[in-house]
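Asks: Chains as they are written, first to last, in the numbering used here: chain A, 50 to 415; chain B, 47 to 617; chain C, 17 to 395.
Where hints are given, some of them may not hold.
To list a few chain A residues with every Cβ distance to chain B over 12 angstroms, as calculated [unchecked claim]: (1) K59; (2) L101; (3) P150; (4) P259; (5) T278.
Pulled a few chain B residues facing chain A out of the computed Cβ check, cut under 7 angstroms [to be verified]: (6) E134; (7) A436; (8) A442; (9) T574.
Honestly, the hints are just simulated from the structure, not real lab data. Cβ coordinates follow ideal geometry from the N, Cα and C atoms, glycine included.
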Amino acid sequence: MRRLRAMIVKEIWAVLRDPRTRIVLVVPPFLQLFIFAFATTLDVRNAELAVLDRSGGRAAVELIQRIEGSPNVRRVRRLASERALAEAIDDEQAIAALVIPEGFARDVAAGRPATAGLVLDGRRSNAAQILAGYVQQIALGLGAELKPRIARAAGASEVTAWYNPALDYIWFTLPSLIAIIVSVAGLAITSQTVARERELGTFDQLMVSPLRVHEILIGKMVPPFLVGTLNGTLYMVAARVVFGVPFTGSLLLFYPALWIYMLALIGVGMLVSAASQTQQQAFLGSFLATTPLILLSGYASPIDNMPGWLQVVTYADPARYFLVIDQGLFLKAMPASVVLQQLWPLALIACVTLSAAAWLFRARME
Amino acid sequence: MDGPVARADGIVKRFGTGAPALDGVAIAIAPGRITGLVGPDGAGKTTLIRLLAGLMAADAGTIEVLGRAPGDARDAIGYMPQRFGLYEDLTVQENLDLYAELRALPRSERAEVFGKLLEFTDLARFRSRLAGRLSGGMKQKLGLACALVKAPRLLLLDEPGVGVDPISRRELWAMVGDLKREGIGVLWSTAYLDEAEKCDCVYLLNAGKLLFEGPPAALTGRVDDRVIRISGFEERRRRFLTEALDRPEVIDGTIQGRSVRLLLREGASFQPPPHATVDLAPPRFEDGFVEILGGGPTGTSRLAERYRTIPETDRPVIEAKGLTKRFGDFTAAEDMRFEIPRGRIFGLLGPNGAGKSTTFKMLCGLLTPTAGTGAVAGFDLRSAAADARAQLGYMAQKFSLYGNLSVRQNLDFFAGAYELSRADAARAIDEALDVFELERVAGRDAGSLPLGFKQRLALACAVLHQPPVLFLDEPTSGVDPVMRREFWTHINGLVEKGVTVLVTTHFMDEAEYCDEVTLIYRAVQIATGTPDDLKADAATLAGLDDPTMEEAFIALIEEHDRAHGVRAEAA
Amino acid sequence: MRLRDAALDARCLRALIAKELAQIARDPSTFLIAFALPLLLLFLFGYAVSLDTTRTRIAVVVQDDSAPALRLAESYRRSPYFEVTMARSLASVRGMMVDGSARGVVVIPQGFGEGVKRRAPPPIQVITDGSQPNTASFVGTYAEGVRQSWAAAEGLGPAPAATGPPIALSPRFWFNPDLRSRYFLVPGSIAIVMTMIGTLLTALVVAREWERGTMEAMMATPISMAEFIASKVIPYFLLAMASMALCTLLAVFAFGVPFRGSILALLAVASAFLMPALGLGLFISASTKNQFVASQIALLTAFLPTFLLSGFIFEIGSMPLPIRIITYAVPARYLIPSLQTVFLAGDYWGLLLPNIGIMLGFGFLFFALSFRVTRRSLD
């Protein structure tokens, strides 16, 4: 126990006193908290629109004004010609242009269904689609107000969102961010540990001491584990207190899930570290591991959207399971039974990565 | 040209706010001469060379190289930095090509110059080998060749001999000797004082100030008649040296085989023990160096005083029984056999890449032998490796402690790793801080300490648990002579307490401290015995009269090559 | 470092570049960054990151047994956008919403058939999973879309001819009518690849020269600053262009992304971007002189901004003002729309030229900075 304790204390100091590790420890979490929280929204706000109004009349003016009044739209430029429209879209001065045909207002007034055109910039197809949805809502709403009888006969759907009634994007981002930050910091720190000792020549010193391999490995696991727990806690509190995201699940489920996830990550990081000769290689290795880990987790885009064979691959991604638990505990009051469903594959992955890391470490001791 | 090729006057260079790195230094480098630059760690040698190479500007003073500012005279300067400045992922030929182009060597002269340089450095066979895969000695020669592609007027060499074996160093010296005859002015910075002794003129720096300038003989002359050799005493030589060094009249002392060599204070005389013979010995440059820097440490090691006495045993403490290591087709060490009894120092000597590190690593458990067995303190390396590890203290070549941990944290860690109880650990650490005078720097990052302190800390960590066995792998590489004296004072003291030491070194004067050495060459032991035995063998083989350990080393290897009809490839 | 500043000697330069190329060819990490990483990124952005909702799993709860209700449920089942699980009560699908196996629930209420008969059907209820706001919006919109098609087929509405709501929109997506997110993600990931080579790799190799002491030996030779910097810039410029070409070929032939602009425009845009990218890489390495620190800083100042603040995935317009201002200092912000335009739209120089100009301006700034820092380095 004395040996293990010494190893752990040493590893913690090594992380805390190394200015390079401190960079990894402090800067990315802060930067990411702010940039991710505010910048990474797939919501569309402040959009630039253009309009080519060939109709005039009450309905057309009303439609343009409502679009202009939308919080998602910054301004609507009036265009005079098809050419101006093409230019506005081509040069990305507007992401979308509304084309109101001749007779539009007349048709509306007469109770005939009227259709306006919407030209969108497919280079940014995602934002364009979302925007198209907003404009569509506005048009439908206006139609229903102007001609309620026709609208009622066509029926409607009442859309409600559970767990996040206002569809606030930050309620999605911040819980996911816990998974991301824990992954990035955990992998970066773990992957450096063994490689650093190799490069600095202290590895031999460690190997000739009476420390056992498992003591060395456990010692090296503690700092990333602590850092991950700290980061996770920090972000969880920030999400609730600063950003007002509700945490509806149980902390007694959150921490075990976080810890098991950390173990799986640390296993991956150790594998990278044991395979690297230099810190440089370890850095590149952790980068190569982090990118797919995050992109295949379901954070960047839903797993359902991926091709079938790739969906199978995502079952090996520990972040996939933790993300579900994490989002579930924040917003969905996920019960223990559902958490366990996700937890056992995560635990299995942790076992595999940790044993593989220990094996590689032993194999590369000479 | 008769005037100096380079001249500097009143040079002051400051980094940050502390004491200046150079404080009013003047130097002149004459053509056709080798000018030596010596001094302890942190004396300012590298800074002076960089200033002369035009890599940085002085805060005060004038520097002229061939009558121009150094930055304008780059065409005429050949510079070899400490790490040789080679691209390790380029081949020998590619490195030469690069420097030839950068120095605008006319194409028409290339074939001739390369031919000459490759022959001169004996690297022709390795033209297509990556520089990173050359041995230390070969890298050093390639670095020199690159600095010479366009015959410079001034050649600056910054500690070219660090970590390089005696054969390679001697070859380098011979090569530079040839250049000197062509009229090149050479500045040679070194930690090996036997090299300094051979220079035409020497500058001795200490803490940024010039302490001495002139021919080496002038420094040596200061200690004429003060160096004596004592032999025939009855005590063990280490104990005798310890006692002698404790006397006020003795400034410095070293072991040389069965005898002990002492440097006396000016005007003092030494009262020899009964039956001992005292001869006047020829003074060496090193004696003058130690004297001008205020003498070496006293003899009694405070570390050894507090060390436990290792129990007597009849069985050998370290045993190698046919240790062999192969990497694929390549045999790194073959059939290593030796036994080291309690309280003895055993030295592994040999050129770079000969197999001494491999042997060393097998014995301390870092490499698993392909064949053969070994034992440390009675524990078999194969079956009880962890127990064996608990019995040894280990100190490696380059500073291998945790640079970003403080001194105290390093000690704490090793105390824990070797399972000292809390109370023992606290006592051992306090003692270590006291004995090695580390209290003042206990809170500082180990990596930021001067080399001498790092070395003390490394030794402190290695002996914290008072192991019966010490493994030292080039423990004094790059360390100045005074610090090395202090180190060996501790080791000698520990050995008197019964500690057994296995050491590798490139300093042949340190080999003299060993009770027994084995010379490893091309993966086999070519000679084993006491230093005196080896010297005697060499004397008969090469017809030398009273050879130094270094001469013996070279003679034995050359003899082996002659007998086996091969050239020294590893050199 | 006191070198002649401007002189460029062709011979020195050629030798330095030959050396750099030999090193590139032998260094595994170069290979990793220049070829393995681009392939991985292209692969992930081509397949893994798809923002197109293809089939979302939903549950349809039918509380009404009438024929119209069953026909509506059937419409959902046949919709290409949904993978439907049928259920009788909302309570039975609650669990599916919690564990994410359903992203939405459509509830067809009791009395729905009656309402249809009276030509005033009660609204259906669409419940979405708000924990994934985007999917939630898609489910809401598409569920309503399916219902509208159904309503049209049922002939609901005032007159048989008028089958839609009073005001409808007909969206047309230019350049990318099928709305494949891959079409903008793949060109965007080329920007990331060029950042990795231009900034990260360059920062690493120059920092390595400092670390290994070869920089000192270089500075003691008669080469000039301009030669040294050019010898670093030219090989990595070529490497980045080669990697870009590889990515373009893959994008067009493996991922079917259209290429409507000219190769000239692509080369112009890519070259202009490499100026700030390489300049930043040199600046970072000269100021840190340490590979690890250089790589971390390159990650923070080049990779993350290119990824997050360039409009690659996340709309700049949607970010709060302070962050929007920061994005103007991210060179990739000007590259991404240019690349997307060259690939999907064509040579619209009205958009490309200002972007190229700004990127060159940043390039000039970063090079000036790295000249300054390198010159003062050894002291």
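Asks: Does each hint fit the structure? Answer for all of them.
Replies: Hint by hint, here is what the structure shows:
no. : hint : in the structure
1   : K59  : 4 angstroms, violated
2   : L101 : 61 angstroms, holds
3   : P150 : 67 angstroms, holds
4   : P259 : 4 angstroms, violated
5   : T278 : 23 angstroms, holds
6   : E134 : 13 angstroms, violated
7   : A436 : 4 angstroms, holds
8   : A442 : 6 angstroms, holds
9   : T574 : 25 angstroms, violated
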